[in-house]
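Novice: The residues making up each chain are set out below.
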Amino acid sequence: MFDNIISGFGLVFAVGPILGIIAGVIVGIIFGAIPGISAIMAIAMILPMTFYLGPIVGITILLAVYKAGIYGGSISAILLNTPGAAASFLTAQDGHALTKAGKAGKALDMSLFASVSGEMLATIVLILIAAPFSLISLQAGPIEKVFLLLFAFTIIGTMAGESIPRGLLSCCLGMLFSMVGMSSITGASRFTFGYTELMGGFTFTPMLIGILVMPEVFNVIRRRKDPQNKLTITRSPNPEDNRLSFKEFRAVFKTILKSSAIGTFVGALPGLGSSPAAFLAYSEAKRTAKKPEEYGKGSVEGIAAAESANNAVCGSSMIPMLTLSIPGDDVAALLMGAFLIHGLTPGPMIFFEHTQTIYAIFAGFLLTDLFLLVIARAGFKFFIKVASLRQYYIFPCVTAFAFTGAYTTGQNMDDIIVLIAFTIIGYGMRLVGLNPAVFIIGFILTPFFEQNLDQAMSIVGTDYWQLFTSPFSWVFIILSILSVISSVRMRKKPVGLPKGKTA
Amino acid sequence: MDRRKIDIYLSTFLIIISAIILTDNNLVEGGAESNLSSMFLPRFAACLIIIFSLTIAIQSLMKLTKHTEITANEIIPTEGLSGVFIYIGILITYWIAMLYLGFLISTPFIMIAVAVLLGGRRWGSIITMSIATSLLIFYGSKIFLRVYLPTWTL
Chain H
0 MFDNIISGFG LVFAVGPILG IIAGVIVGII FGAIPGISAI MAIAMILPMT
50 FYLGPIVGIT ILLAVYKAGI YGGSISAILL NTPGAAASFL TAQDGHALTK
100 AGKAGKALDM SLFASVSGEM LATIVLILIA APFSLISLQA GPIEKVFLLL
150 FAFTIIGTMA GESIPRGLLS CCLGMLFSMV GMSSITGASR FTFGYTELMG
200 GFTFTPMLIG ILVMPEVFNV IRRRKDPQNK LTITRSPNPE DNRLSFKEFR
250 AVFKTILKSS AIGTFVGALP GLGSSPAAFL AYSEAKRTAK KPEEYGKGSV
300 EGIAAAESAN NAVCGSSMIP MLTLSIPGDD VAALLMGAFL IHGLTPGPMI
350 FFEHTQTIYA IFAGFLLTDL FLLVIARAGF KFFIKVASLR QYYIFPCVTA
400 FAFTGAYTTG QNMDDIIVLI AFTIIGYGMR LVGLNPAVFI IGFILTPFFE
450 QNLDQAMSIV GTDYWQLFTS PFSWVFIILS ILSVISSVRM RKKPVGLPKG
500 KTA
Chain Y
0 MDRRKIDIYL STFLIIISAI ILTDNNLVEG GAESNLSSMF LPRFAACLII
50 IFSLTIAIQS LMKLTKHTEI TANEIIPTEG LSGVFIYIGI LITYWIAMLY
100 LGFLISTPFI MIAVAVLLGG RRWGSIITMS IATSLLIFYG SKIFLRVYLP
150 TWTL
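Just so you know, the protein sequences line up as chains H and Y, in that order.
Each step along the first sequence adds one to the number in numbering that gives the first Met the number 0, with nothing skipped, and position 126 is 125.
Each step along the second sequence adds one to the number in numbering that gives the first Met the number 0, with nothing skipped, and position 65 is 64.
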């Protein structure tokens with residue numbers, strides 16, 4: 000494995016990947032820092048531009064955008080008290096209190112160091128665990144994969160939706176939409192209604208941009224009359240307040256390590272995402288803190304706990320995707336689509352079929368952390384200035400880029416209709432409490448599910464009881480039932496999320 | 000707007016669609032023989048959709064009949080929705096305009112329209128930004144991605 004890691008670094012230390020990482024980090028920080036644009040939007044918009052690049056450069060750019068975008072979200076959370084996602088809510092609480100006290104520089108520094116530390120630790124865990132774990136998952140045949148995918152649908156649907164029926168309904172709708180077009184197994188055309196344009200199914204990228212990116216533009220337009228605050232760094236006359244000292248970093252290092260471990264563990268579990276990780280790590284840090292009363296009122300340690308856990312999810316959410324073909328959260332689902340577009344099928348075989356490529360991507364993942372640290376530290380003022388642009392400059396560009404991205408995929412004007420249709424569907428889903436990310440996961444996983452189910456049926460013939468002879472099948476059935484029960488119990492308890500926000 | 004009422008309408012719609020999927024054999028054409036019928040998985044998904052839609056509809060109906068107090072999640076905010084409809088109109092216009100006028104001509108006008116919708120009134124900078132971005136995307140796609148965006152066809 001270490002030979003592979005070294006050869007991966009060899010491949011990534013080239014002009015293309017390095018420039019890609021730098022561009023990805025800059026784009027990610029800017030997009031993440033703009034209120035109203037999230038990391039997932041940034042990835043969806045950059046994705047079509049990577050089609051024409053090799054998989055190493057293309058995927059590395061997307062991962063750099065992802066990591067930097069998650070960090071960028073903390074900039075607007077700290078300076079404006081506008082968390083882009085529920086996961087940044089805690090960072091906003093403590094960070095904005097520090098900003099009001101004139102210590103924005105200290106809060107931003109802490110957020111950056113904690114983010115990079117959390118991401119780096121999770122990436123190392125990803126590199127060390129993914130390949131050995133894939134050896135175990137390679138033992139799974141079609142029957143086991145069917146139950147594994149059923150488990151994935153259940154856990155993602157039950158954990159990620161606003162309520163269990165809404166989450167599972169979102170997943171089923173995604174399944175149904177993925178079956179439009181020619182069946183890859185029988186060659187039959189389903190739900191095409193005689194339109195040959197529908198034979199290939201819905202094009203993934205326009206649908207993705209429509210479901211995940213454009214509804215955010217709708218939200219901005221709906222709130223267009225709200226006053227737009229400007230991002231500014233408050234400065235204290237005391238220089239110590241404007242930066243983080245090594246002593247302060249050392250004092251919170253244990254918290255960072257513990258929170259990163261929590262974030263890595265939670266991120267590796269499919270369906271949970273970054274919000275529960277941040278909340279769990281924050282409450283654990285508060286429980287063991289010397290001054291718990293400072294939490295929520297401008298605690299540097301609080302920022303460290305929330306940000307390191309939040310960012311650790313970036314690396315570990317790739318573990319189930321790369322070893323079991325199950326995307327851990329919405330961004331992982333998007334990245335899974337990107338892997339597929341670049342000819343890499345996420346799953347245990349990726350470590351054997353594309354060894355060099357996958358380790359080069361891992362190396363790029365680690366390098367991104369270093370570039371993020373340097374670029375973010377050097378360009379705080381620049382990023383804040385760009386992110387402060389008025390929304391009437393930003394969102395016309397988002398519209399033009401979204402249309403270009405949709406068209407670029409197949410150079411087909413029909414894809415623009417797909418984009419517009421799914422934009423309306425995606426916004427409608429949000430309004431009625433359905434989860435677009437779960438919809439996307441259902442859409443991506445269903446072809447794999449159908450293929451494995453067909454193979455499983457070929458194996459068992461009419462002896463359907465043979466589906467339940469493998470112990471793995473029972474393990475996944477029990478895990479599916481447990482996930483539903485635990486989700487029901489979790490929802491009965493108040494989780495401390497702000498009103499109206501869901502994990 | 001009360002989301003619980005929308006839940007009932009939406010669930011009814013989804014149940015009708017699912018019932019059609021379950022009963023109509025003309026939704027699939029051709030295909031080879033396989034262990035798994037081409038309509039097995041769509042019908043399986045349709046059954047699940049009926050179950051979950053019914054669950055949502057019954058929950059909402061019970062809340063409505065019991066006059067339970069409406070929670071924050073159950074209110075669909077309607078303020079500013081007119082802007083959303085205008086934006087959808089702009090998107091459809093953009094698609095039609097791109098078909099006939101091409102990317103380079105239609106994009107600046109559409110970007111200006113979106114900027115105005117968002118309250119932009121600094122005409123000089125908005126027009127400059129719209130034209131510059133359109134040129135950048137058009138020639139950037141052509142040179143770097145080898146993607147030829149639609150051109151004037153009138």
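Calculated from the structure, these hints are not laboratory results.
Remember, it's a predicted structure, so these values are computed and weren't measured experimentally.
Don't take each hint at face value.
[Stated by the list, open to error] Distance windows between CB atoms, simulated:
no.: 1; chain 1: H; residue 1: Leu137; chain 2: Y; residue 2: Ile15; range: 39 to 47 angstroms
no.: 2; chain 1: H; residue 1: Tyr194; chain 2: Y; residue 2: Leu134; range: 33 to 41 angstroms
no.: 3; chain 1: H; residue 1: Lys380; chain 2: Y; residue 2: Phe43; range: 18 to 26 angstroms
[Stated by the list, open to error] Under the rule of at most 20 angstroms between Cα atoms (straight-line distance), these lysine to aspartate or glutamate pairs were calculated in the EDC-like manner:
no.: 4; chain 1: Y; residue 1: Lys62; chain 2: H; residue 2: Glu292
no.: 5; chain 1: H; residue 1: Lys99; chain 2: H; residue 2: Asp413
no.: 6; chain 1: H; residue 1: Lys224; chain 2: Y; residue 2: Glu78
no.: 7; chain 1: H; residue 1: Lys99; chain 2: H; residue 2: Glu292
no.: 8; chain 1: Y; residue 1: Lys65; chain 2: Y; residue 2: Asp23
no.: 9; chain 1: H; residue 1: Lys253; chain 2: H; residue 2: Glu215
no.: 10; chain 1: H; residue 1: Lys253; chain 2: H; residue 2: Asp225
no.: 11; chain 1: H; residue 1: Lys296; chain 2: H; residue 2: Glu352
no.: 12; chain 1: Y; residue 1: Lys4; chain 2: H; residue 2: Glu293
[What the hints assert, rightly or not] Chain Y stretches covered by chain H per the calculated footprint, using a threshold of three residues with CB under 8 angstroms from any CB of chain H:
no.: 13; stretch: 52 to 66
no.: 14; stretch: 103 to 112
Glycine included, each C-beta is placed from N, C-alpha and C at the ideal position.
Novice: It remains to establish, for every hint, whether it holds in the given structure.
Specialist: Consistency of the hints with the structure:
1. H:Leu137 - Y:Ile15: 39 to 47 angstroms: holds (44 angstroms)
2. H:Tyr194 - Y:Leu134: 33 to 41 angstroms: About 35 angstroms separates the Cβ atoms of H:Tyr194 and Y:Leu134, which means 33 to 41 angstroms holds.
3. H:Lys380 - Y:Phe43: 18 to 26 angstroms: violated (55 angstroms)
4. Y:Lys62 - H:Glu292: At roughly 40 angstroms apart (the allowed maximum being 20 angstroms), H:Glu292 and Y:Lys62 break the hint.
5. H:Lys99 - H:Asp413: violated (50 angstroms)
6. H:Lys224 - Y:Glu78: Holds, because 10 angstroms separates the two Cα atoms, which is no more than 20 angstroms.
7. H:Lys99 - H:Glu292: holds (18 angstroms)
8. Y:Lys65 - Y:Asp23: Violated: Y:Lys65 and Y:Asp23 sit about 37 angstroms apart, past 20 angstroms.
9. H:Lys253 - H:Glu215: violated (37 angstroms)
10. H:Lys253 - H:Asp225: Violated, at about 41 angstroms.
11. H:Lys296 - H:Glu352: violated (51 angstroms)
12. Y:Lys4 - H:Glu293: violated (44 angstroms)
13. 52 to 66: holds (count 4)
14. 103 to 112: holds (count 4)
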